[in-house]
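Q: Model the full assembly from the supplied sequences, consistent with the hints where possible.
Going by this note's numbering, the sequence shown opens with residue 27, and the numbers climb by one from there.
Where hints are given, some of them may not hold.
[Claimed, not checked] Straight-line Cα separation of at most 16 Å, EDC-like style, residue types lysine to aspartate or glutamate; simulated pairs:
1. K119 / E106
2. K112 / E81
3. K133 / E106
4. K99 / E81
[What the hints assert, rightly or not] Simulated DEER-style distance windows between Cβ atoms:
5. V136 / Y104: 24 to 30 Å
6. E106 / E138: 21 to 27 Å
7. T109 / G77: 17 to 23 Å
Calculated directly from the structure, the hints in this document are not laboratory data.
C-beta atoms are modelled at their ideal positions from N, C-alpha and C, and glycine is treated no differently.
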Amino acid sequence: EEDPKAKKKGKGKKEVVEEPKGPTYAEKSRWIVEANSYVDVIVEFKASQAGSFDETLSFGVTGRTMVYTVSAKATCAYPEISTLYKSIFPSSKLKKSTDPNKFMVKKFIVQEKVYHYGPLLA
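A: The structure is reproduced here in structure tokens:
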């Protein structure tokens, strides 16, 4: 049985390529930031379940006792379908016409929550 991670190399020889195990996290980091400059900090968020997440990132300056904190908040949710009738049915009316001779054609009636296709021929 062939290994799906294996790549063919030369005359039928295969080399197994290891996939990365995932991101590595440093418990402690030290950056040297020159005066009047800045460092962009990119925070990547990946959740295994839906919910709201809060985390506090702490930064300090060597030789000082003050610790700077940044609050990071993220939300992970499942995709949803819009239920706003205006976005689903752009041509909608609040009430049905009172004129019995007038047919509703391709209109969503908000009061009845019904889409009228108009006269249909069988």
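Q: For a quick check of understanding: which of the numbered hints are violated here, in increasing order?
A: 1, 2, 3
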